[in-house]
Amino acid sequence: MYVRNPRILRERRQRRIARGAGENRANAHRVHELEIREMRHDVVHRPFAFGFGRTQSFVGQIANGVGEAIGKRAEQIECFVHVPDSYATRAPFDFPLILGWLAARAIPGIERVEDGVYERGDVRVWHDDGFVHATGGSRDRVRRLFDLDAEPAEIAKVLSRDRMLASLLRKKPGIRVPGAWDPFELAVRAIVGQQVSVAGARTVLGRIAATHGMTPHALADADITGMPKKRAETIRNLARVVAANEIDLERDDLTQLPGIGPWTAEYIAMRLGNRDAFPAGDLILRRNAGDLSERELRARAERWRPFRAYAALLLWTR
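So in this note's numbering, spot 158 of the sequence shown is number 159, and the numbers just go up one at a time.
None of these hints come from the bench; they were simulated from the model. It cannot be assumed that every hint is accurate.
[To be verified] Only pairs whose alpha carbons sit at most 20 Å apart, straight line, appear in this in silico EDC-like list of lysine to aspartate or glutamate:
id, residue 1, residue 2
1, K158, E247
2, K172, D95
3, K173, D95
4, K158, D95
5, K173, D130
6, K172, E155
7, K158, E303
8, K173, D163
9, K173, D277
10, K172, E186
11, K231, E303
12, K173, E152
13, K173, D129
14, K173, E186
The task is simple: from the sequences and hints, build the whole structure.
This is the structure we're talking about:
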């Protein structure tokens, strides 16, 4: 529980710019604007959780150099209330769409979606009044899971050049690519989901989580049942190399691993933040794009760069 200050704001901005080394100044400025909105929101809303009746009295405490009182007051109420972090979003933002995606794929025993709230352990995430609010969890994970750094205006500018996607964008202008809370867990989801239904994959994942857990060390030698033996071995092999720090799921070519082909690798990449990842061989994508062959879809998708992942979500949710 804390109140962000200009120093923390600068550090966060520097980290984001470092992660997106290729971003231009205009995009960096847009990121900074989001952070300013978040800081202003905190200054207005957090004082009341700390027991201050007015924002002015809260700011006055800081200005007078007695900010220690805030920390003491926070300790007193910590056992009674979790003060949420607030994340500014770029409009339009289709929170129900991304929440519905996560709900359909929620792993029993690990996460759930209920009454408009995503829950995972002590983490709760919801949307209200232009902000995503979260209690618990790291800020980077929340941002990635709900794709909070997406630029809808830039996405629309590129994808609306295609008549088919322009029609879909008019229906879903706030499209986002659901991210992942944990890269390894996502990779396991992708492997389990190869050529099975969403509901079927969810059942198998729930069984794996309940029996073994969902960590690399837990699955490295696990006897995974209820799925093809080769696919279970793919999970064990992945778990071993991740546990040994022999591969980076966010940067390395995953197709070098046995049992992971282009579809799985592209799906993992798009949900870990690669905005241009695109599983062109996906049967549903090909069908919803007009019964195209993989080669035809790949050729058409060239005009969707660098936002092909968003095109995939538009087609999947058509």
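Status of the hints after comparison with the structure:
Between K158 and E247 the CA atoms are separated by roughly 39 Å; this puts the pair beyond 20 Å, and the hint is violated. For the suggested pair K172 and D95, the alpha carbons sit about 11 Å apart, so the restraint of at most 20 Å is met. Between K173 and D95, the direct Cα distance comes to roughly 7 Å. Compliance with the 20 Å bound is thereby established for this hinted pair. Taken as a hint, the K158 and D95 pair is honoured in the structure, with Cα atoms around 17 Å apart against an allowance of 20 Å.
Only pairs whose Cα atoms come within 20 Å are accepted, and K173 paired with D130 is accepted, the gap being roughly 19 Å. With a C-alpha separation of about 17 Å, the suggested pair K172 and E155 falls inside the 20 Å cut-off, and the hint holds. This hinted pair checks out: K158 and E303 have alpha carbons roughly 15 Å apart, not beyond 20 Å. Proposed proximity of K173 and D163 is supported: the alpha carbons are some 15 Å apart, at most 20 Å.
Our distance criterion of 20 Å between C-alpha atoms is met by K173 and D277, whose separation comes to about 19 Å. Simply put, K172 and E186 have alpha-carbon atoms about 31 Å apart, too far for the 20 Å limit, and the pair is violated. Distance hint between K231 and E303 is unfulfilled; the C-alpha atoms sit about 33 Å from each other, more than 20 Å. Taken as a hint, the K173 and E152 pair is honoured in the structure, with Cα atoms around 14 Å apart against an allowance of 20 Å.
Only pairs whose Cα atoms come within 20 Å are accepted, and K173 paired with D129 is accepted, the gap being roughly 19 Å. Restraint check: the Cα-Cα separation between K173 and E186 comes to about 28 Å, which exceeds 20 Å; the hinted pair is violated.
Taken one by one, the earlier hints fail for this structure at numbers 1, 10, 11 and 14, listed in ascending order.
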